[in-house]
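Peer 1: Work out the full structure: start from the sequences and follow the hints.
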Amino acid sequence: MPALTLREILALDPVSAAEPELLAGHTALDRPVRWVHSSEVYEGANFLDGGELLLTNGFGLMDAAEEVRRRYVRELASRGVAGLAVEVGRSLPAMPAEVVDEARRRELPLLAMHRVVPFVRITEAANRAIVARGLSGRSVVRPWGDDHTAALLADLADRAALNQPEVEARAALAGFHPGPGARLIGVSLHGTREVGTVDRAVRLLGGAGVLRAAFPGDVLALLSLPGARPGDPVKAVQEAFRTMSAPGLTVAVGHAVAEGSGWLRWSDTLRAARTTLELALTVPAAEPGVPDGPLVTSSRALALERELTRGGLDANRERLSALVHHTLGPLLTWEASHSSDLVRTLETHLRNGCSPTRTAALLHIGRQSLYQRLERIETLLGLDINDADLLGELLTATCAHRVVERSEWARPATTAPHFKRTA
Numbered sequence: 001m002p003a004l005t006l007r008e009i010l011a012l013d014p015v016s017a018a019e020p021e022l023l024a025g026h027t028a029l030d031r032p033v034r035w036v037h038s039s040e041v042y043e044g045a046n047f048l049d050g051g052e053l054l055l056t057n058g059f060g061l062m063d064a065a066e067e068v069r070r071r072y073v074r075e076l077a078s079r080g081v082a083g084l085a086v087e088v089g090r091s092l093p094a095m096p097a098e099v100v101d102e103a104r105r106r107e108l109p110l111l112a113m114h115r116v117v118p119f120v121r122i123t124e125a126a127n128r129a130i131v132a133r134g135l136s137g138r139s140v141v142r143p144w145g146d147d148h149t150a151a152l153l154a155d156l157a158d159r160a161a162l163n164q165p166e167v168e169a170r171a172a173l174a175g176f177h178p179g180p181g182a183r184l185i186g187v188s189l190h191g192t193r194e195v196g197t198v199d200r201a202v203r204l205l206g207g208a209g210v211l212r213a214a215f216p217g218d219v220l221a222l223l224s225l226p227g228a229r230p231g232d233p234v235k236a237v238q239e240a241f242r243t244m245s246a247p248g249l250t251v252a253v254g255h256a257v258a259e260g261s262g263w264l265r266w267s268d269t270l271r272a273a274r275t276t277l278e279l280a281l282t283v284p285a286a287e288p289g290v291p292d293g294p295l296v297t298s299s300r301a302l303a304l305e306r307e308l309t310r311g312g313l314d315a316n317r318e319r320l321s322a323l324v325h326h327t328l329g330p331l332l333t334w335e336a337s338h339s340s341d342l343v344r345t346l347e348t349h350l351r352n353g354c355s356p357t358r359t360a361a362l363l364h365i366g367r368q369s370l371y372q373r374l375e376r377i378e379t380l381l382g383l384d385i386n387d388a389d390l391l392g393e394l395l396t397a398t399c400a401h402r403v404v405e406r407s408e409w410a411r412p413a414t415t416a417p418h419f420k421r422t423a
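In this note's numbering, the protein residues as written are 1 to 423.
Simulated from the structure, these hints should not be mistaken for laboratory data. Fair warning: there could be bad hints in the mix.
[As the list claims (entries may be wrong)] Cβ-Cβ distance ranges computed for the label pairs, FRET-style:
id : residue 1 : residue 2 : range
1  : GLU378    : GLU287    : 54 to 62 Å
2  : GLY382    : ASN163    : 53 to 61 Å
3  : ALA228    : ILE365    : 42 to 50 Å
4  : GLY50     : GLY248    : 49 to 57 Å
5  : GLU375    : GLY248    : 33 to 41 Å
Remember, predicted model here, so these are calculated numbers, not experimental data. All C-beta atoms, glycine included, are put in the ideal place defined by N, C-alpha and C.
Peer 2: Spelled out as structure tokens, the structure:
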């Protein structure tokens, strides 16, 4: 599947809400966008690798000399950025003519953003869409070079035509020797291009073996925990990565499979980790994570989300929307005209065993406020939410609502972008 283009980025709701006006680079809208950054212009282009869309409020352009402004545009173009988007009308009254002229000379897409939209909203939606597009094919991009470990992990994640003797021989060549009874667990990381986080987690686990490699989209690893190790191996791996991962990283852990269960099971846990990573990056979490910490999740934690989106979100969107409106229609109607959070309250309550104490703590509200919300929910639905026969349907519907409705910001638009074009 091709990479997300600048044209598709411009069609995302948060971007179009900023009323972008294309001032230069009209022939370059189909450039692939690798990432979206926000930064002030005076920081320069040295931190860019190419393929980025750069957002700035233009503050650094206000008092800069004409040649400084031109040099900045030239540096961005030489770095191979996909485009420059500048907020105008607040810090910068209008786009400087020399910036427009230099961008046209360099065929660099230049956008004037006429309405203020928080850059964090734009970058979150765009980068989620970029990651979703990059992972949706489920193919691991092979790195350059003769890297036996990376090649084996890529073949396993892609479920290439392999056989058990070949997998074992290639694993041994890479120094991976899971012992009898070992439990194998796939892990996929996003937010780093290095394998150091995996190595630190493996050291903390003690006695674990590992295959790990960095790919253009993520870091992929297959861990082997000794069979004699007590406790839940998946929880142990999650805790190790929570301890050793830097803030901003997203880590997805697959399920545990037996060493002797065959290479297809090895493939399954790697693929589960990568599918879970995609969901973690594109679907809002059911519960808030640790502030300023890494997001570490697992295929079991997102099992319902994985089942609901099996085959892709777009393929299931109509079915899930019908389920949501059939089950939660009265709540959605109420929330459309009232400032409330009833659907999220219901999902949090169901996910936590209908425990008022746990639910109130997670929602940061008092128990009395929670009871009032729950009473409102039951009145609107005309149901007893503690009825065991209803728990499955209600939880599925609330999860589907979060997957479908709240992931709209991350969806690449399928229609042409609505932006102004100057002569």
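Peer 1: Hint by hint, say whether it matches the structure.
Peer 2: So, going through the hints one by one against the coordinates:
no.	hint	in the structure
1	GLU378 <-> GLU287: 54 to 62 Å	violated, 22 Å
2	GLY382 <-> ASN163: 53 to 61 Å	holds, 57 Å
3	ALA228 <-> ILE365: 42 to 50 Å	holds, 45 Å
4	GLY50 <-> GLY248: 49 to 57 Å	violated, 21 Å
5	GLU375 <-> GLY248: 33 to 41 Å	holds, 40 Å
Against the hints set out earlier in the document, violations occur for numbers 1, 4.
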